[in-house]
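K.L.:
Residues per chain are reported as follows:
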Amino acid sequence: MNLSYRFYYVWRRNLAAYKRFVIPTLLISLGEPFFYLIAMGIGLGAYMGLFGGQSYIHFLASGLIVASAMLTSTFECLYDSYVRMVLEKIWDALIATPLLAEDIIAGDIVWGMFRGVISGFLMYLVAALLGVLPVSPSIVLTLFVLMVLIGILFGSLAMIVTSFAPSFDFFNYYTELVVSPIFFFSGVFFPLDKMPEWIKFIANLFPLTHAVVIARATFDNQLNSGHWLNLLAIVAPMAVAFYLALFFMKRRLIK
Amino acid sequence: MSSIVAAKDLVKKFNGFTAVDGISFEIKEGECFGFLGPNGAGKTTTIRMIHCVSPKNSGELRVAGLDAGVDNRDIKRLLGVIPQELNLDEDLTTYENLVLYAGFFDIPRPEARERIMELLEFVELKAKMKNRITQLSTGMKRRLQIARALVNQPKLIIADEPTTGLDPQARHLIWQRLRELKKRGTTMVLTTQYMEEAEQLCDEIVIMHQGKIIRQGAPDQLIREEFGAEMIEVKDAKERVFRRPATLEDVFLKLTGRHLIE
Ligand SMILES: Nc1ncnc2c1ncn2[C@@H]1O[C@H](COP(=O)(O)OP(=O)(O)O)[C@@H](O)[C@H]1O
Ligand SMILES: [Mg+2]
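The listed protein sequences correspond, in order, to chains A and B.
Going by the numbering used here, the first sequence wraps up at 1293, each residue one higher than the last.
Going by the numbering used here, the second sequence wraps up at 501, each residue one higher than the last.
Bear in mind the hints are in silico, worked out from the structure with no lab data behind them.
Even glycine gets a Cβ: it sits at the ideal position worked out from N, Cα and C.
Don't take each hint at face value.
As the list claims (entries may be wrong) - DMTMM-like cross-link-like pairs, simulated, lysine to aspartate or glutamate; straight-line CA separation at most 25 Å:
hint, chain 1, residue 1, chain 2, residue 2
1, A, K1127, B, E329
2, B, K367, A, D1130
3, A, K1127, B, D345
4, B, K380, A, E1126
5, B, K367, A, E1235
6, A, K1057, B, E335
7, B, K369, A, E1126
8, A, K1288, B, E299
9, A, K1288, B, E488
10, B, K247, B, E270
11, A, K1057, B, E329
12, B, K380, A, D1130
13, A, K1293, B, E299
14, A, K1288, B, D310
15, A, K1293, B, E270
16, B, K380, B, E357
17, A, K1293, A, E1126
18, A, K1293, A, E1070
19, A, K1127, B, D313
20, A, K1293, B, D313
21, A, K1293, B, D248
22, A, K1127, B, E324
23, A, K1127, B, D406
24, B, K493, B, D260
25, B, K451, B, E299
26, A, K1288, B, E357
27, A, K1057, B, D306
28, B, K369, B, E324
29, B, K421, B, E329
30, B, K369, A, D1231
31, A, K1288, B, D345
32, B, K380, A, D1118
33, A, K1293, B, E324
34, A, K1293, B, D260
35, A, K1293, B, E265
36, A, K1288, B, E329
37, B, K394, A, E1126
Claimed, not checked - Here are some of the chain A residues that sit facing chain B, going by a computed Cβ distance under 7 Å:
hint, residue
38, L1053
39, A1055
40, L1137
Given these sequences and hints, build the entire structure.
P.N.:
Here it is in structure tokens:
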């Protein structure tokens, strides 16, 4: 592997190209959390009792923040990276400069992570404005680290899928068969403790489950040393996925 | 004169298909070196190995004294590449394209800005500085790709079919710019399917066919070697015989029995 600081240039390039779309996408990204929290949190919440002493919308919002980071970085490194690589031929131009394939791939993953972190924070912002979640510097910092890790993990996983994708259609397998189950069975929408054992077992294999646990503990001010294990369940697959993403995408690029 | 590119028995295969079949050549500093050949001859594949985006299968390839495949970053820093396919950043403006590209070479912003203004002047695109790429004509895009390739003040310019698909007027504008670079002593590698282009711009050419180099020399020298004189006899449609200057196209036809452009 031959990664250098130049991955930053790729991030910067994507930012420059993105400037034009900031306003429309921010509006969309603000509308979505609003919709989720109102429809599910308040609408469904009205029929539910308390979750660990708190309202359903409180329970839901903390999970949705990290889930949103996961979804955004996933879609960025599937569709948007594919467009840059195959359709716009941006990477062909980049690779003729001192950038190597590793810099380009890592730069795009970091960009996907960045978009994920932003969308997670927008969800947080909406929840905070609705008075659902507390705000403090230590919460913000913990969430930031958590979403960076989730963003790199799911950006890398998506990049691996993209490295094998002959066309857009290919992404459906991954989003429907992998991302959707993770989204629905990581404890974002309902607690896992009353689920059958086998579902609990599978859910514990999902890194998002562990991120949701950490996020909830952060908001409830209940972080303890046991959460290092949850963190490990995110960081370990992240390191592996990142390495594999560089490996497989490089194999696709360099012929 | 020392050589800036030296290749020996260079081979490139794609899943068993041999695209470049053991070619050797040497490109000297200050010259314009041409690869002439029809579609699929292996020109782009050769070029891509020189600028280190495609690894060779075997043979030796040295660029500016460095080992292609090992010192890729250092080699790429020294080169300016004008690719066959347009790959400008459509999401950005003309100016942004150049500024970001300069950044990839670690060129500081103030210095980049100065160079870019000169280059925009050079390729006559100053008026289009703030336009998005989608608003440029194909000829303008090609010229912008020339400016982009010059941003890092390269030791060697590589142009892969810089005028393919352009109308005659746009083609002459590109030729003018390339000739101007040549006058300044820039070393250039050019690939082309047009013998006229090779004759106009190149000091030395190799003729490529099916992954092999079948002849090498200066354009007029190649014609003389193959035909003895620079005039050949041809028959027109009515079987009347007349004499005209021989061209590289005739050389190619004689060597392979095929036309350059098919
Ligand atoms: N990435 C690739 N995979 C498989 N075959 C390739 C690839 N790139 C080029 N080729 C083949 O190698 C041969 C030479 O191609 P190329 O170097 O592009 O020719 P030229 O530039 O002279 O037109 C062609 O037959 C082409 O189909
Ligand atoms: Mg070609």
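K.L.:
Taking the hints in turn, state whether each one holds.
P.N.:
Hints and how they fare:
1. K1127/A <-> E329/B: 10 Å, holds
2. K367/B <-> D1130/A: Roughly 24 Å between the alpha carbons, so the hint for K367/B and D1130/A holds.
3. K1127/A <-> D345/B: 22 Å, holds
4. K380/B <-> E1126/A: Satisfied, since the Cα-Cα distance of roughly 14 Å is no more than 25 Å.
5. K367/B <-> E1235/A: Roughly 65 Å separates the two Cα atoms, so the pair is violated.
6. K1057/A <-> E335/B: Answer holds: K1057/A to E335/B is near 12 Å, not above 25 Å.
7. K369/B <-> E1126/A: 20 Å, holds
8. K1288/A <-> E299/B: 23 Å, holds
9. K1288/A <-> E488/B: Cα-Cα ~40 Å, so violated.
10. K247/B <-> E270/B: 19 Å, holds
11. K1057/A <-> E329/B: 13 Å, holds
12. K380/B <-> D1130/A: The hint holds at about 16 Å.
13. K1293/A <-> E299/B: 18 Å, holds
14. K1288/A <-> D310/B: Status holds; Cα separation ~17 Å.
15. K1293/A <-> E270/B: Violated, because 29 Å separates the two Cα atoms, which is more than 25 Å.
16. K380/B <-> E357/B: Distance ~17 Å between K380/B and E357/B Cα, so the pair holds.
17. K1293/A <-> E1126/A: 19 Å, holds
18. K1293/A <-> E1070/A: 41 Å, violated
19. K1127/A <-> D313/B: 23 Å, holds
20. K1293/A <-> D313/B: 20 Å, holds
21. K1293/A <-> D248/B: Judged against 25 Å, a Cα distance of about 19 Å means the pair holds.
22. K1127/A <-> E324/B: 9 Å, holds
23. K1127/A <-> D406/B: OK: K1127/A and D406/B at ~24 Å, within 25 Å.
24. K493/B <-> D260/B: 21 Å, holds
25. K451/B <-> E299/B: Within the cut-off at roughly 16 Å; holds.
26. K1288/A <-> E357/B: The given pair, whose Cα atoms are some 36 Å apart, is violated under the 25 Å limit.
27. K1057/A <-> D306/B: Judged against 25 Å, a Cα distance of about 40 Å means the pair is violated.
28. K369/B <-> E324/B: Satisfied, since the Cα-Cα distance of roughly 23 Å is no more than 25 Å.
29. K421/B <-> E329/B: 29 Å, violated
30. K369/B <-> D1231/A: 58 Å, violated
31. K1288/A <-> D345/B: Roughly 23 Å between the alpha carbons, so the hint for K1288/A and D345/B holds.
32. K380/B <-> D1118/A: Status holds; Cα separation ~24 Å.
33. K1293/A <-> E324/B: 17 Å, holds
34. K1293/A <-> D260/B: 16 Å, holds
35. K1293/A <-> E265/B: With a Cα-Cα distance of about 24 Å, the restraint between K1293/A and E265/B holds, given a limit of 25 Å.
36. K1288/A <-> E329/B: 24 Å, holds
37. K394/B <-> E1126/A: Outside the cut-off at roughly 28 Å; violated.
38. L1053: 10 Å, violated
39. A1055: 4 Å, holds
40. L1137: It holds, given that the least Cβ distance between L1137/A and chain B is near 6 Å, below 7 Å.
Going down the numbered hints, you'll see the structure goes against 5, 9, 15, 18, 26, 27, 29, 30, 37, 38, while the others check out.
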